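Sequence lines, in order, name chains A, B, C and D. Mapping the first sequence onto this note's numbering, position 160 (from 1) lands on 160, and the numbers just tick up by one. Mapping the second sequence onto this note's numbering, position 234 (from 1) lands on 234, and the numbers just tick up by one. Mapping the third sequence onto this note's numbering, position 260 (from 1) lands on 260, and the numbers just tick up by one. Mapping the fourth sequence onto this note's numbering, position 305 (from 1) lands on 305, and the numbers just tick up by one.
For the record, the hints were derived by calculation from the structure and aren't laboratory data. Predicted, not measured: the structure shown is a model, and the values here were computed from it. Don't take each hint at face value.
What the hints assert, rightly or not - Covered stretches of chain C (in silico footprint by chain D; criterion: 3 or more residues with CB under 8 angstroms from a CB of chain D, positions within the stretch not fixed):
#, stretch
1, 271-277
2, 304-316
To be verified - Below 30 angstroms or equal to it, Euclidean Cα-Cα: the simulated DSS-like pairs (lysine-lysine) are:
#, chain 1, residue 1, chain 2, residue 2
3, B, Lys47, A, Lys47
4, B, Lys113, B, Lys133
5, C, Lys23, D, Lys47
6, C, Lys47, D, Lys23
7, C, Lys47, D, Lys47
8, D, Lys23, C, Lys23
9, B, Lys47, A, Lys23
Cβ atoms here follow ideal geometry from the backbone N, Cα and C, with glycine treated the same way.
If you want the building blocks of each chain, they are given just below.
4 protein chains.
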Amino acid sequence: MGVRVAVNGFGTIGKRVADAVAKQPDMELVGVTKTRPSFEGRRAVEKGYPLYLAGNGDRAAFEAARLPVAGTLAELLSEVDIVVDATPDGVGRQNRALYESANLPVVYQGGEKADVAEVSFCALGNYAACRGKRSLRVVSCNTTGIARAASVLEPRWGVEHWEVTLVRRAGDPAETNRGPVNGIMPTFRLPSHHGPDVNTIFPDLPIATTAVVVPTTLMHVHVNHVRFRRPPGDAVEILDAFRATPRFHVFAEWEHVDGTPQVMEYARDRGIGFNDMMENVLWENGLRLDGRDAYFFQAIHQESIVVPENVDAIRAMLDLVPDGPTSIARTDRALGLGASPITTRPTEGPAMAHRRRGRATLK
Amino acid sequence: MGVRVAVNGFGTIGKRVADAVAKQPDMELVGVTKTRPSFEGRRAVEKGYPLYLAGNGDRAAFEAARLPVAGTLAELLSEVDIVVDATPDGVGRQNRALYESANLPVVYQGGEKADVAEVSFCALGNYAACRGKRSLRVVSCNTTGIARAASVLEPRWGVEHWEVTLVRRAGDPAETNRGPVNGIMPTFRLPSHHGPDVNTIFPDLPIATTAVVVPTTLMHVHVNHVRFRRPPGDAVEILDAFRATPRFHVFAEWEHVDGTPQVMEYARDRGIGFNDMMENVLWENGLRLDGRDAYFFQAIHQESIVVPENVDAIRAMLDLVPDGPTSIARTDRALGLGASPITTRPTEGPAMAHRRRGRATLK
Amino acid sequence: MGVRVAVNGFGTIGKRVADAVAKQPDMELVGVTKTRPSFEGRRAVEKGYPLYLAGNGDRAAFEAARLPVAGTLAELLSEVDIVVDATPDGVGRQNRALYESANLPVVYQGGEKADVAEVSFCALGNYAACRGKRSLRVVSCNTTGIARAASVLEPRWGVEHWEVTLVRRAGDPAETNRGPVNGIMPTFRLPSHHGPDVNTIFPDLPIATTAVVVPTTLMHVHVNHVRFRRPPGDAVEILDAFRATPRFHVFAEWEHVDGTPQVMEYARDRGIGFNDMMENVLWENGLRLDGRDAYFFQAIHQESIVVPENVDAIRAMLDLVPDGPTSIARTDRALGLGASPITTRPTEGPAMAHRRRGRATLK
Amino acid sequence: MGVRVAVNGFGTIGKRVADAVAKQPDMELVGVTKTRPSFEGRRAVEKGYPLYLAGNGDRAAFEAARLPVAGTLAELLSEVDIVVDATPDGVGRQNRALYESANLPVVYQGGEKADVAEVSFCALGNYAACRGKRSLRVVSCNTTGIARAASVLEPRWGVEHWEVTLVRRAGDPAETNRGPVNGIMPTFRLPSHHGPDVNTIFPDLPIATTAVVVPTTLMHVHVNHVRFRRPPGDAVEILDAFRATPRFHVFAEWEHVDGTPQVMEYARDRGIGFNDMMENVLWENGLRLDGRDAYFFQAIHQESIVVPENVDAIRAMLDLVPDGPTSIARTDRALGLGASPITTRPTEGPAMAHRRRGRATLK
């Protein structure tokens with residue numbers, strides 16, 4: 001018997017968090033909510049997840065579809081220790097009074113503004129500061145991706161300056177009403193909101209972000225330039241730091257993972273979650289160090305990267321384990337993330353060392 | 001201990017067939033082959049599949065990547081009862097002499113011309129005729145999809161005339177060197193080759209097919225018009241026939257599966273294979289009957305639809321079970337395909353019946 | 001001095017109709033309307049088109065942008081002989097009372113329902129029946145494309161049965177809020193509305209249409225199957241009929257126009273309108289005749305195909321010329337459409353004749 | 001009578017350069033070359049451009065298509081004063097011996113390596129240094145875009161450091177064999193080759209570039225961060241410098257040009273060339289200054305941006321005018337580029353000034 005968890009909202013994030021919670025040894029998924037019947041609700045029932053009627057749900061529609069309804073959201077909330085709000089952007093804030101009246105701790109998502117919760121959360125970033133809180137906000141996918149990377153880079157070498165160009169996906173695979181079909185859309189807010197959002201986790205990180213939207217559904221890609229205060233010895237030292245950190249996946253050059261389609265193909269081969277890639281993805285041949293300046297790509301799977309973070313947020317709030325690393329390890333073991341029997345560290349040779357350390361010089 | 005199977009080629013089809021074989025109670029996957037190391041080879045090793053060097057493979061590249069090589073293709077062939085050739089289009093034919101010299105029965109794929117094998121194969125279509133053969137060709141994804149549908153429609157109502165417009169995907173998700181990015185490409189062969197290919201399974205079926213290629217990676221969609229010799233009673237009768245047949249999946253209107261992105265999202269939710277949809281996909285609200293004329297959409301997942309067919313082809317050739325239905329049932333149970341606890345048959349009412357039977361009249 | 005024309009709405013259709021009207025020898029463009037300033041309004045001013053404030057327009061926004069406003073829609077209507085309504089779908093109907101109170105003849109677009117106007121219009125189809133009307137509706141792009149083809153085929157060989165699969169574009173190039181980005185969306189209305197819409201022009205034409213939407217912005221493609229009552233002699237006879245009809249463009253095989261991207265590239269090379277393709281596009285190698293059955297592709301440029309039709313509708317209503325062919329010839333000459341000095345009829349030879357007449361046989 | 005120009009290669013660049021040359025008052029287009037008949041060759045004939053057979057061209061194919069051939073490449077070269085090589089990447093170098101034996105000055109394109117020619121060329125960057133040369137290389141579209149911007153920024157405020165993330169298009173609109181259809185492909189060369197290529201024009205510019213490829217055909221987008229040595233007064237000062245420079249187009253916020261699809265729609269409205277955008281495109285609301293740091297987007301039309309540069313390169317080599325500004329002005333006047341009667345400078349107000357100067361602070 002674990003802590004009893006409700007997931008309010010069973011869309012892209014909610015269905016993943018529900019699965020992840022159901023797999024944790026110290027948690028129990030009590031139910032999920034839907035507003036209308038759909039193939040996703042059908043899967044909830046097929047998986048045995050009690051299906052509750054969301055706030056504005058239509059019970060008759062569920063009955064017509066013969067999908068059994070276990071009760072209302074209010075009834076669900078009365079049976080749990082904590083609720084994860086995975087409703088659409090802005091709805092979480094509307095639900096806040098409801099959760100407060102039920103006297104329930106709540107995990108919000110990054111689509112809400114930061115002040116919806118006491119603290120914004122990223123497991124690698126600020127787990128300790130979030131223990132025992134009554135409300136947390138798991139930051140958005142892009143912010144989580146940057147904050148995780150910051151948790152690797154900042155303590156080791158110190159970040160003097162960080163720039164990220166976010167090349168964003170247009171919509172998730174099944175969001176068929178979103179465009180563009182053909183074109184690149186700059187985000188005319190300079191810098192973009194992502195930098196300040198990272199500062200909700202790392203307040204002093206000197207970061208500037210810029211974004212464009214492109215016609216793809218698979219992943220975001222971040223193009224990073226970090227200037228360190230203390231120079232790493234070489235690119236391998238940085239790659240090894242990422243490799244040694246949970247929730248990072250570094251592809252070797254010989255794997256021929258040429259872009260986000262191949263990353264998601266690897267995820268399908270691996271079969272975790274909904275063929276998800278919950279880790280930050282880096283490429284061995286996609287990082288270059290030039291003195292104190294590192295350039296690297298990272299790919300972020302917008303649908304799933306925050307899923308383990310939600311699980312950790314539950315543990316932090318209910319103080320189920322003594323620290324972040326313990327929670328992360330438990331979460332990841334239950335989800336199947338973590339060390340492969342195959343090392344992706346390549347055989348070292350002069351050519352490779354040359355490539356990693358770069359050719360060009362930038363003053 | 002089951003029959004010993006080799007899979008030559010570990011790409012889109014090969015990796016799926018390997019997994020499917022490994023799950024069968026009466027089969028054993030002895031090994032797979034690769035020409036060069038890649039993320040897919042890495043997964044083979046992580047899954048414990050012995051990795052052999054394909055004909056023109058580069059052993060040194062595997063050693064550099066620290067991927068263990070179990071031996072050569074010739075060595076693999078010497079250890080098995082049957083081989084599935086899942087090499088790229090046209091390579092299967094080149095391999096034929098090799099398989100013959102190893103005196104091995106072989107399953108080819110639909111990328112080969114029909115005369116590569118004794119008979120072309122579709123489990124619902126002509127299993128009986130394929131028993132004991134030394135070589136079979138599993139027809140291509142589009143042909144399999146049409147042949148399966150023919151196995152439902154032809155025996156029940158007789159097909160007087162069938163037209164299919166195939167709206168084809170540009171490439172598989174990770175085939176990033178294929179286009180078009182923006183545009184529709186007619187196939188300037190009228191009719192397309194798919195009709196004659198269906199005739200390798202149903203020689204007398206009066207079918208004409210036309211094709212266009214569009215910028216998507218997920219699935220093909222077939223737009224069908226069938227004129228029957230004997231009129232079905234109503235659209236529900238046809239839908240029920242599809243629902244009662246294995247390897248068909250009929251979505252209900254309330255599931256809100258609006259197109260191929262939602263179909264593949266359902267497949268991710270379901271989690272079979274590489275989040276595959278090995279069944280022909282139909283929509284309850286995507287079939288209309290007007291007298292003897294039925295119009296319906298079906299979606300075909302190009303990556304996976306032939307996977308259970310390959311398994312059945314092995315059983316047919318080695319005559320492991322007495323008939324097709326027995327093989328199909330065993331294959332599908334092992335793969336997790338088949339009856340959901342949720343019925344998708346909607347509550348019947350006047351409005352729905354009206355919609356199914358159509359509004360317009362076509363002489 | 002020609003008839004005085006107002007164009008209400010200066011979007012995709014309106015801006016093209018305005019240009020086309022301005023080029024006609026017997027018409028004068030008095031003004032166009034916009035609701036807010038934009039790059040398109042800027043172009044109107046740069047071209048010297050008086051810019052009037054549409055019904056719900058914001059004059060202050062134009063002033064802030066320093067775009068001169070010539071007056072209100074009511075003022076514009078008081079100065080003209082006829083108005084073309086090119087407002088968004090459904091707005092035309094809302095404007096009807098306004099036009100009636102101004103006692104103005106009006107041309108509506110195909111986004112309005114048929115009963116918005118006295119008659120639906122296609123120049124090649126029913127010009128004579130539209131002379132002197134007070135309101136016409138130019139049918140939509142897809143309907144215009146089919147109706148034009150019907151005007152070629154029906155009188156010559158009689159249509160016994162016609163099926164069209166419409167492979168539709170997701171949105172126009174600058175409609176960046178429309179999807180899908182990756183997927184095929186069936187239109188779950190069987191048959192689709194296009195067939196009945198063609199019947200507003202050709203009431204007895206036995207036609208059934210089915211539609212899917214795909215991720216492209218350039219053109220629609222129609223996949224046609226026509227069964228004739230009287231068989232044409234050969235495919236060349238049909239192609240020659242299309243070639244001999246205005247508003248058809250038949251590409252030769254040697255032109256290597258492999259799909260809609262190449263069609264639109266040809267349109268850019270040609271430089272008519274906004275690099276438009278106002279003709280129905282067919283391919284010499286994309287038509288096959290098999291007895292009484294013809295299969296052919298046609299591509300339809302959704303942005304421009306109705307533009308010459310709007311011009312002809314004006315002439316028909318005001319009875320400026322004695323018949324349709326005279327209007328069509330005048331419109332097309334002004335627009336630059338029509339005979340190229342280059343014939344695209346290929347050298348005839350046995351191989352080509354073989355291909356045109358087809359290989360396969362369909363009973 | 002002007003200088004006599006041959007264009008070898010009549011593809012994306014060649015057909016545009018041919019048109020541009022034909023419009024210049026001091027140049028004469030003598031002929032263009034093609035290897036096989038196509039719709040583009042047809043347009044050449046329709047425009048009256050003599051069509052010569054390229055090196056490996058097939059005369060019989062042209063005859064079968066009834067496209068008149070004026071002669072061979074060698075014959076064309078014997079009739080001109082200068083040749084523009086617009087053949088595919090790498091073919092220009094193969095042609096070098098031919099041009100040298102014909103003793104002709106030659107303009108190469110950016111697909112060739114820098115050492116193919118004496119000097120690399122960008123009209124705003126280094127016209128003076130290119131006068132009288134026997135061979136020039138017009139740098140590639142992306143390099144031209146950056147070099148033009150450098151010619152504005154470096155002299156005024158000094159560039160201390162410049163970073164560009166290039167979000168690149170997958171292929172040109174009619175390059176239908178190029179992908180990806182869905183995905184983002186990082187360029188695993190860090191920094192990318194574009195920075196060193198800019199240094200062929202501005203040897204000392206401290207620039208680093210990184211690139212990804214995305215599924216679009218319309219334009220590239222550059223995300224720029226420039227740190228100046230001497231701070232500009234405000235963002236308007238920078239925008240005004242761009243506005244005052246030929247070959248820059250700055251969109252105002254009220255124009256609602258939200259991304260590259262709207263930019264290309266504006267280009268269609270404007271109707272220059274093949275609906276081209278030969279200028280660097282910037283957005284008033286897409287530039288932010290924060291102390292010495294400027295962030296801005298610029299969009300680059302890969303098909304056309306080098307076209308006026310080719311014209312200027314001809315003038316520089318043959319020394320037809322005394323300086324670059326004279327050539328640029330003459331080229332642009334002939335092409336229709338340049339000052340619109342509409343100013344896009346917005347009404348100044350507190351809100352706008354606030355936005356331009358930025359909200360966030362980056363240390």
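Hints that the structure is at odds with (numbers, increasing): 2
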